[in-house]
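Trainee: Here is how the chains run, residue by residue.
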Amino acid sequence: MDFRDTPEEAAFRAELRSWLQENASHREVEAGRGDFDALRAWGGRLYSAGYVGLTWPEGFGGRGLSPTYQAIYLEESARADAPGHPGVIGLNMAGPTIIAWGTDEQKQRYLKLLLSGEEIWCQGFSEPGSGSDLAAGRTSAVLDGDHWVVNGQKVWSSYAHKADWCILVVRTDPDAPKHAGLSYLIVDMHAPGVTVRPLHQITGDPEFNEIFFDDVRVPRDSMLGRPGDGWKVAMTTLLHERGTLGFALSAELERMVNHLVELVRRPGPDGRRPADDPLIRDAVAREWIEMQSLRFTNYRALTTLLETGIPGPEGSGVKLAWSEANQRLTSLAQSVFGLHAQVTGDDAPWNGFWQYWQLRSRGNTIEAGTSEILRNIIAERVLGLPKGR
Amino acid sequence: MDFAFSEEQEQLRGFARDFLAERYDDVRLAQIADSETGVDAEVWAKLAEMGWLDAELTFLDQAVLLEETGYRPLAAPYFSTAVLAAPALDDETAKQVGEGRLTATLAWAEPGVPQGLLDAAGATVSGGRLTGEKVLVPDGAAVDLFVVTTADGLYAVDASDAAVTPHGALDGTRRPASVRFDGAPARPLASGDTAAELLGRIRDRAYAAVALEAVGVAQRALDLLVAYAKDRKQFGKPIGVYQAVSHKASDVYVRLQEARSLAYWAAWCVAENDPMARQACLAAKAFAGEAAVFACENAIQGHGGIGFTWEHVLHRYYKRAQWLAAFDGPARAQRAEVAAFLMD
Ligand SMILES: Cc1cc2nc3c(=O)[nH]c(=O)nc-3n(C[C@H](O)[C@H](O)[C@H](O)COP(=O)(O)OP(=O)(O)OC[C@H]3O[C@@H](n4cnc5c(N)ncnc54)[C@H](O)[C@@H]3O)c2cc1C
Numbered sequence: 054m055d056f057r058d059t060p061e062e063a064a065f066r067a068e069l070r071s072w073l074q075e076n077a078s079h080r081e082v083e084a085g086r087g088d089f090d091a092l093r094a095w096g097g098r099l100y101s102a103g104y105v106g107l108t109w110p111e112g113f114g115g116r117g118l119s120p121t122y123q124a125i126y127l128e129e130s131a132r133a134d135a136p137g138h139p140g141v142i143g144l145n146m147a148g149p150t151i152i153a154w155g156t157d158e159q160k161q162r163y164l165k166l167l168l169s170g171e172e173i174w175c176q177g178f179s180e181p182g183s184g185s186d187l188a189a190g191r192t193s194a195v196l197d198g199d200h201w202v203v204n205g206q207k208v209w210s211s212y213a214h215k216a217d218w219c220i221l222v223v224r225t226d227p228d229a230p231k232h233a234g235l236s237y238l239i240v241d242m243h244a245p246g247v248t249v250r251p252l253h254q255i256t257g258d259p260e261f262n263e264i265f266f267d268d269v270r271v272p273r274d275s276m277l278g279r280p281g282d283g284w285k286v287a288m289t290t291l292l293h294e295r296g297t298l299g300f301a302l303s304a305e306l307e308r309m310v311n312h313l314v315e316l317v318r319r320p321g322p323d324g325r326r327p328a329d330d331p332l333i334r335d336a337v338a339r340e341w342i343e344m345q346s347l348r349f350t351n352y353r354a355l356t357t358l359l360e361t362g363i364p365g366p367e368g369s370g371v372k373l374a375w376s377e378a379n380q381r382l383t384s385l386a387q388s389v390f391g392l393h394a395q396v397t398g399d400d401a402p403w404n405g406f407w408q409y410w411q412l413r414s415r416g417n418t419i420e421a422g423t424s425e426i427l428r429n430i431i432a433e434r435v436l437g438l439p440k441g442r
Numbered sequence: 010m011d012f013a014f015s016e017e018q019e020q021l022r023g024f025a026r027d028f029l030a031e032r033y034d035d036v037r038l039a040q041i042a043d044s045e046t047g048v049d050a051e052v053w054a055k056l057a058e059m060g061w062l063d064a065e066l067t068f069l070d071q072a073v074l075l076e077e078t079g080y081r082p083l084a085a086p087y088f089s090t091a092v093l094a095a096p097a098l099d100d101e102t103a104k105q106v107g108e109g110r111l112t113a114t115l116a117w118a119e120p121g122v123p124q125g126l127l128d129a130a131g132a133t134v135s136g137g138r139l140t141g142e143k144v145l146v147p148d149g150a151a152v153d154l155f156v157v158t159t160a161d162g163l164y165a166v167d168a169s170d171a172a173v174t175p176h177g178a179l180d181g182t183r184r185p186a187s188v189r190f191d192g193a194p195a196r197p198l199a200s201g202d203t204a205a206e207l208l209g210r211i212r213d214r215a216y217a218a219v220a221l222e223a224v225g226v227a228q229r230a231l232d233l234l235v236a237y238a239k240d241r242k243q244f245g246k247p248i249g250v251y252q253a254v255s256h257k258a259s260d261v262y263v264r265l266q267e268a269r270s271l272a273y274w275a276a277w278c279v280a281e282n283d284p285m286a287r288q289a290c291l292a293a294k295a296f297a298g299e300a301a302v303f304a305c306e307n308a309i310q311g312h313g314g315i316g317f318t319w320e321h322v323l324h325r326y327y328k329r330a331q332w333l334a335a336f337d338g339p340a341r342a343q344r345a346e347v348a349a350f351l352m353d
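Going down the list, the sequences are from chains A and B.
Just add 53 to the spot in the first sequence (first one is 1) and you have the numbering used here.
Just add 9 to the spot in the second sequence (first one is 1) and you have the numbering used here.
The hints are simulated quantities; they were obtained by calculation from the structure and are not laboratory data.
The reader is advised that the hints may include incorrect statements.
Said to hold, decoys possible - In silico DSSO-like pairs for lysine-lysine, Cα to Cα no more than 30 Å straight-line:
#, chain 1, residue 1, chain 2, residue 2
1, A, K231, A, K285
2, B, K328, B, K239
3, B, K239, A, K440
4, A, K285, A, K165
5, B, K246, A, K440
6, B, K239, A, K231
7, A, K285, B, K239
8, A, K440, B, K242
9, A, K215, A, K285
10, B, K328, B, K55
11, A, K231, B, K246
12, A, K285, A, K160
13, A, K231, A, K440
14, B, K104, B, K55
15, A, K285, A, K440
16, A, K165, A, K215
17, A, K215, A, K160
18, B, K242, B, K328
Unchecked claim - Covered stretches of chain B, as calculated for chain A (at least 3 residues, CB under 8 Å):
#, region
19, 288-301
20, 333-346
Keep in mind it's a predicted model, so treat the numbers as computed, not measured.
Even glycine gets a Cβ: it sits at the ideal position worked out from N, Cα and C.
Construct the complete structure from the given sequences, taking the supplied hints into account.
Mentor: Structure representation (structure tokens):
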């Protein structure tokens, strides 16, 4: 057991830290929310500096480093309060799935442009009739010569309105049993027949969308795996979405805890310092402890991964615990403002930062598998309890 | 970053688990806990034989043992001797501990004043004789030697020179005693800044140890809950199919993993004298103590009526969990200190 960086890791961390200090300007930090073009430019700079795709294969734009380096990057980026990469769905879901299932040609075609932020991806899994029950999806793909012809509707697709590509779960065999009839396509979002209609979230932002597919022709070789592999391929995606290694989540929580501490140390709207209230002190300390527990749980899972090639089960609860911590933390922050928390626009406290993140946090226990589904998974797969269905 | 225990440490864990499971099955544990002393007097020599009391053990080695003695409570003053007292002992006394010839504990709390490990002690020493009154001394009636906090530092006093009043306790295998010293012969162990610094280190260690034991307790409670949920049938199905039951188990699992991560972090910080040791130990103690209570309460609920009986082993774990959570103040006391690091 040793919690220190190796000399190589320490050097990487130091270099990254000073790079972030010089490069993550305030304008880009602001762009973390809203200004997508600025965020895209930031993504390009990150990529040129070599900080995107750290663990991805070297031939395809990555650096082939151990996951420890990705953990260091995420932690330092959060500590510097630097914005993230614009292509979250691509980086965290589409990319790893392509690496696991794609042909060399597919890797060549998609990965570099994904890393540089030049091409943005979205995920088309959920449908109006199938959310938690992903395998009940009905969007269909029928082979016609060299093309799959796709018809159907997806919903809640984040960033689809910005996306160039979509990872799409479709039904290719209506007669096969539920899971076995699924396949996994890569679809050009600019193709004829694709219509995107933004949906506004409770924050007011149109972050996710409906996507309609009307006779969309997709080249036959734009499939990951073979026809019928869709469920297995989708599981790879979900594994990464929920955070095979949840450093993105614990680092994000660290960023929020840091903001929270900053918030409570300043005088509030009534002139009093929230940090002088013992109940607030207790609640803030609780979230700091929670954050450390998730951080070190991730490191524990990482150790298992490096030793055995499989991430340890201890990490399976990180998304669940993180989502609830983020909800508590952001609500606590809003409570500090009292009714001022309601004021929007230019007069909103903290420019609306806490307003936005408190509301956005309610999605955390729904997206990427609801908390109920995650509890089912832990009960059945980790604890071996009998299946409820 | 390497979070794994060494191969030797994992071996030690395996031995410890087997030894404890064999010696303290649930029936035997109950017998000892309900006995006059709450102590398995014969086990101490065995511990020495197995090397559990060796001064050379690192805190990470001890961490493994502490987790296992939470999983199967060890009915002997191991925590008191190895965690609370040992760091203060001189070489000669430490050698006796290592050979299994001596058990010890720490006596710090006094009646009617703040009772934290780092609060000022009123006991005094003059002419090598110690006078004062201590309460809630862990395993106070089961040890040979007291390490006593005084206004002038830490002193060692033989149990035979003190007036010990044992108390009954919820956790029958870890009973507190009140101890009075009326001019008892006392040997100085540490004074001044050295004593304060030593006591700080003992507290960090004790917090890490509490967290480790709590992890063992929570793991056993979870194992009992999961086994019962697979076995017990109602409405024609194992109760584990009902989400009201299975989701409790999932929540306990998640908290347990978080607690374990913090406990190992704290243990490593103690072993390495890391600058983050204070915060890590506060965090681990606060979180793991509460996680153990949470695990036991959910396990009791998941067992229905049988879990509410004296016969079932769960209440033994519940009471140990409560002792751990209350040790040196409830979680909010540790969080208040964490808050000071963060906000002041
Ligand atoms: C912010 C946000 C972003 C998203 N982005 C995307 C995206 O980019 N791409 C995409 O494909 N999808 C996306 N989703 C969709 C998300 O994956 C689904 O909303 C989620 O899987 C739940 O599906 P549902 O909405 O149909 O709810 P339902 O499945 O209908 O669930 C409704 C309620 O029933 C509960 N429930 C359902 N089944 C069970 C069960 N077996 N046991 C216990 N409780 C159950 C659920 O937990 C939930 O509380 C996003 C969602 C959100 C909120």
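Trainee: When the structure is checked against the list of hints, which entries are broken? Sort them ascending.
Mentor: none
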